[in-house]
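Residue numbers (my numbering), protein chains in the order written: chain H, 2 to 522; chain A, 2 to 283.
Please note that a few of the clues may not be correct.
Covered by chain H, per the in silico footprint, the following chain A stretches (three or more residues, Cβ under 8 Å) [to be verified]:
# : segment
1 : 47-59
2 : 229-235
3 : 247-261
Calculated directly from the structure, the hints in this document are not laboratory data. Even glycine gets a Cβ: it sits at the ideal position worked out from N, Cα and C.
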Amino acid sequence: MAACAVPLDPPPAGPAAGANETPRPGGTLRLGAAEDVHTLDPAIGYDTGSWAFEQMLFNTLVDYDDGTNIVPELAESWQVSPDGRRFAFTLRHGVHFSSGRVLAAGDVKYSLERLLRPALHSPGAEFFAGLDGVDDYVAGRVTEVRGITTPASDRVEFVLAAVDPLFLHKLAMPFASVVDREAVERAGDLGFRRQPVGTGAFTLAEWVEGQRMRLARNPLYFRSGLPYLDGIEVTVGLSDQLGWFKYQRGEIDISGVPSAEFARVVADPRYQPLLLERTTLRTQYLGLNCAMPPFDQAGVRQAFNMAVDKPRLLELIDGRGVVATTILPPDMPGYDASTPGYAFDPRAARARLEAAGLGQGFATTLWASRDEGSMRLAQSIQQDLRAIGVELALKPVDFPALIEAVRHPGMVPLFLLGWEADFPDPSNFLIVLLHSRSRGTNNNAFYASPAVDRLLDEAEPLLDPARRFRLFHEAEVRIMQDAPWVPLFHPVGFAIRHPRVRNYQLHPLRPSRVETVWLAG
Amino acid sequence: MAEAALRGLGSRQRSRRLFAAGMILVGGLGIVAAAAPWLTAYDPDAIVVPHYAGPLPPGGAHPLGTDTLGRDVWARLAYGARTSLFVGGLAMTLSLGIGVTVGLVGGYFGGAVDTALMWLVDLVLTMPTLLLLIVLATVLPPSLLTIPLVIGVVGWTTFARTVRGEVLSLRERDYLLAARALGASHARIIVRHLLPGVLPGVVVLAALGMSGAIGIDAGLSYLGLGVPLPTPSWGRMVSEVQTYFAVAPWLVVLPGVAVSLAVIGFNLVGYGLIDLLGERRG
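All chains, full assembly: derive it from the sequences and hints.
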């Protein structure tokens, strides 16, 4: 009967990678996207889809290398004062906006002050609220941010109100992209979302909303000889499945691999050399609302940690990841494998429930995104918990509704969510998701521990990584004891390329960069 | 004349045969639903494979294979028959209850009562049914009762119209005038004299309503709005595995065929009854 499965078609034909190939300029990279890009204004976009294209159009002062190290981008070099509060950047020379204007220090200042303007409602403003004088600027008492100065046309200096070990990482976020002031003033803030002008490797050539977007090579780009590609073409409206079909027909160059096909693709030697894989700084978790009984009892939360069969969840996502025993993903700087987790032990879980006076079991509701993948995970967890006497009703909702619902205290007892790091730092998980001050934003477990808060507050401003990471580790150990989460797994990113595509890589923190991608003959 | 009689005879035999076929399908569905626990050793909700590595093909311990969570497909199909009959039956009963009551009352009393009730029917008819179903199914809490309630509350208008039409013609019959002259109460006249008169038509509508409700339930489940997970439902079984069509086509085909057979079965019974009842009356 296995024979009634349709055989897997071969991948699209193209030149195999040879040794010592030299990059060949030209050609158009064809991409697919399920939905239209939300915005191309770097001050506004806060989703992978927008970031993927913003980073083709704009640059930041500093950026990441292939991993999580900060490297110069628009900045040539920088100095940090010994107290960690002053950053002085020297700009790279000969950088032009695609409009032809030369980049100057004033553009950097303008871009960040624009981001901080309250009327713009930028979701990235909070990351730069620590600059000296932002309060006065936001309140409208002054027209400039005191903490951003331009001593020369190629020098920008920042002064922080308090020490922030993550400031360079924040400058590497697409929010801090340098925009062309004249283009913004011409198009207006709303118009700039559709008519972006930056210093990036590409420029926007055409955008037919809901259908396609085309980017063209920026001939003025500051890295000579780059990008190799003449352009990029994005077809909008391709679901995972449709994108995969189009990839197999050779109509798009990069695709994901749908779950249904994954096992066959990985096992097929024709496809193996085309697969791209990369660990990400992500954790999928089952959140337990510590403010709602019976999850206000640590014993019940620990029982859930012992009841969920995580290896099976990993099987259900085709093994694309690693089982999570801690909150921090293994590639996170400061990750400590010695943090004690919980072993799968339904019997011990039952004992914990009995100790909590819930030996006869209880019923509760698990909220999850209604997509097919999340529903499979939710049903597996439902079966695991049934084994310890807990009856889970599943509440499938649309993802935006889920994000909204979990912020209301007392509404969602259990939820399935994931978190992907904005910066490679433990604070981006432990403070953003588990500090008591984050209740109402991203601490959707409504976890509040004064002891943990103290450790996190102490660690946050420390510049010395060793001390910082040790305190974060202590906090994580306590959090795992209190068990506001059941960490489930850390997913691994997968994509597949057309055989002609060269030098396309997945990045642990950001969408893939394409300026060094080229197409073989 | 002889030709016409022969043709009549032929179609009468055909409709009997179709009715019989419908009864076999419906009976089979009923037996599978009733005997589900004895037809399979597996809990339909339980993950039965020790390690999940994609759906297992039919054969061996799992006659129809396992699904994309590692559950037994035959167990889910068999228990899914229960879901379909429960949802279809409850939705149909509800539609029937509301529809027959509205039809009887409106047809019997006439006048302003009838006008008001028919206005209500028109109102429900003008509402975009699928949209209404989706909104209600989203807003109401997830429960096994939600979908049949929603389908029932939206689907009673045909019953009301048909019954009212029948009552309008019965109302003027002599035996009703006699009952009224003898001083029988409205309730007595409606229940004792009108209801039996509309019953044959209602039975036909019930069979057709059942097939309609099963179809709508499959559609809603396919949209992810059906009975709560993990309750097996044929519509959901199709939607859960649609991306696996190339890898495991049986997962999509089997529940699809099950829905079709159930809908066809109830339709055949309904249309067969129309012919057979019409025959008896004629």
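Do the hints match the structure? See the list:
1. 47-59: holds (count 8)
2. 229-235: holds (count 3)
3. 247-261: holds (count 5)
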